[in-house]
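Got chain A sorted already, so can you dock chain B onto it with the hints?
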Amino acid sequence: MTWQINALVTLHWRDWNGEWVAFDVGSGQTHQMDTLTATVLMLLETTAASQFELAMLTADALAVPNDHAFSTALSGILDGLRAAGLIEPLVQ
Amino acid sequence: MILSELSAEEVRRRLHCPGLVIRTGPFNFRIRSTIESVAQGLELLYPDYQLVEDGQFVDFTVTLAHSGGLRRWWRPQVRFVYDGESPFAVLPLDHAFPLMEWAMNWCISTQAHHYLTLHAAVVEREGCAVIMPAPPGSGKSTLCAGLVSRGWRLLSDELTLISLADGLISPLGRPISLKNQSLVVIRKFVPDACLNQVTHDTSKGSVSHMRVPTEHLQGIEERARPRWVIFPKYVPLAKAELAPRSKANSMLELGRNSFNYTVHGLTGFELLSDLITVSDCYDFRYSQLEEAVSVFDQLAVKERG
Numbered sequence: 002m003t004w005q006i007n008a009l010v011t012l013h014w015r016d017w018n019g020e021w022v023a024f025d026v027g028s029g030q031t032h033q034m035d036t037l038t039a040t041v042l043m044l045l046e047t048t049a050a051s052q053f054e055l056a057m058l059t060a061d062a063l064a065v066p067n068d069h070a071f072s073t074a075l076s077g078i079l080d081g082l083r084a085a086g087l088i089e090p091l092v093q
Numbered sequence: 487m488i489l490s491e492l493s494a495e496e497v498r499r500r501l502h503c504p505g506l507v508i509r510t511g512p513f514n515f516r517i518r519s520t521i522e523s524v525a526q527g528l529e530l531l532y533p534d535y536q537l538v539e540d541g542q543f544v545d546f547t548v549t550l551a552h553s554g555g556l557r558r559w560w561r562p563q564v565r566f567v568y569d570g571e572s573p574f575a576v577l578p579l580d581h582a583f584p585l586m587e588w589a590m591n592w593c594i595s596t597q598a599h600h601y602l603t604l605h606a607a608v609v610e611r612e613g614c615a616v617i618m619p620a621p622p623g624s625g626k627s628t629l630c631a632g633l634v635s636r637g638w639r640l641l642s643d644e645l646t647l648i649s650l651a652d653g654l655i656s657p658l659g660r661p662i663s664l665k666n667q668s669l670v671v672i673r674k675f676v677p678d679a680c681l682n683q684v685t686h687d688t689s690k691g692s693v694s695h696m697r698v699p700t701e702h703l704q705g706i707e708e709r710a711r712p713r714w715v716i717f718p719k720y721v722p723l724a725k726a727e728l729a730p731r732s733k734a735n736s737m738l739e740l741g742r743n744s745f746n747y748t749v750h751g752l753t754g755f756e757l758l759s760d761l762i763t764v765s766d767c768y769d770f771r772y773s774q775l776e777e778a779v780s781v782f783d784q785l786a787v788k789e790r791g
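Protein chains in written order, with my numbering: chain A, 2 to 93; chain B, 487 to 791.
The hints are simulated quantities; they were obtained by calculation from the structure and are not laboratory data. Each hint can be trusted.
A few chain B residues facing chain A, derived, Cβ under 10 Å: (1) N735; (2) L738; (3) Y747; (4) T748; (5) G754.
All C-beta atoms, glycine included, are put in the ideal place defined by N, C-alpha and C.
Same shape as in the complex, but just chain A (with noise of 0.2 Å):
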């Protein structure tokens, strides 16, 4: 499946030391994240990417394995960013 950022989000983010914040103005809401989440968001706002790629670009980006316990967490991040409205799958 690919993902991409839901079409009514338009996000901005806050950064303190790795506790982000991000702002959706079609929603009004705020979310909290940590860096692996917000990364995966920040990638999905430049393009749409399966979770394979979105493993791959994320785990390079900070620098950490791309193992199984990295694609799991990748996985439920996925749904709770779904979940929150702020991803959906790429209809082809």
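Frame of chain A; chain B shown alone:
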């Protein structure tokens, strides 16, 4: 001209009609009432407040009226009237003064959207403000009253008014609301505190208000810059202690404690995140006011460098 320069008769005449207009921080309030406890409360707690001349803009008109009909004589009640509506339930007549204070807060929190307004106490020293958001019962007003009696300037015990233009905090300078056990604590901690008569059996228990020291009102136009965000909590027997707190979570908590964060959209987000950027954020537990004030004093000393 200030309120104490009016005779008791003139205060009551104005309250009856056309209304006594006082300035509290950036707002002009017209108070209208024929209820004696309102006049007495204003004379006791607002003697040094500026009166507003005729013809000047009035932000809010607050009317405390007797309920009509049989209730005029049998278990009399008071009604808050605003723009012809009664936003609150009627209350027993002896609740009139606290009702006036709650009504004034309601006017600001629901309508003054030229500020980002937080439900938080705020005090200041040397231009630096401590914002203290906390749910009821956390000891926020008690701590606020304690600090104000030991050299910290009161900006507000309930409403933090943040300018949309520059993020500075405007003083509101209204009497400090105290309830239940905090009345006992403050009477002991500040023996010369001027408190209004206690109103019992309100929705918040027994409540009273403490007069703001005169010198705090003299600098009522002086705004302060946010420097600390501190979430206080009274914990029996706890040693007074600050614990660093997540900035991101503090920002979200401030948003939740705001009356109009969502009204302001992106402006609100940028204002609040700028505030968090320049503020140190802490959780604060305390049980003894003297210790608590000392911890705050140390923050101020450190800031002075």
